[in-house]
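S.K.: Sequence:
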Amino acid sequence: MCFSDKVCLITGVDSGIGQATAERFAREGGKVVVVDIDPDHGTATVQAITKAGGQAILAKANVAAAADVQAAVKAAVDTWGNIDVVVNDAVMMTFGLGTTM
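Numbering (this note's numbering), first residue to last: 1 to 101.
Since the hints were made in silico from the structure, they are not lab data. Note that CB positions come from ideal geometry on N, CA and C, so glycine has one too.
Label pairs and their in silico Cβ distance ranges: (1) 27 x 70: 24 to 30 Å; (2) 67 x 1: 29 to 35 Å; (3) 1 x 64: 31 to 37 Å.
With these hints in hand, go ahead and build the complete structure from the sequences.
M.R.: Listed below in structure tokens is the structure:
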């Protein structure tokens, strides 16, 4: 198991690459800190991981807010003592109409 007993903090886990990464790291033995701005989506990922026998906690955070990021790191350290892996997959894309290059 590649991530056996490694604490993995992963942002942007509500879908796609972030969610798949969190679930894969858990299958590989990682203790996953699910970080997402939407607690419903984050909770769904935590439930999927724990249902499959993995370990995960939710840390609701907006990665654009330093205090939220600090709280997510604190949750990881308070729960498992450290962080070994960080994957920042959180992204916000906006598109403007009528803009030219």
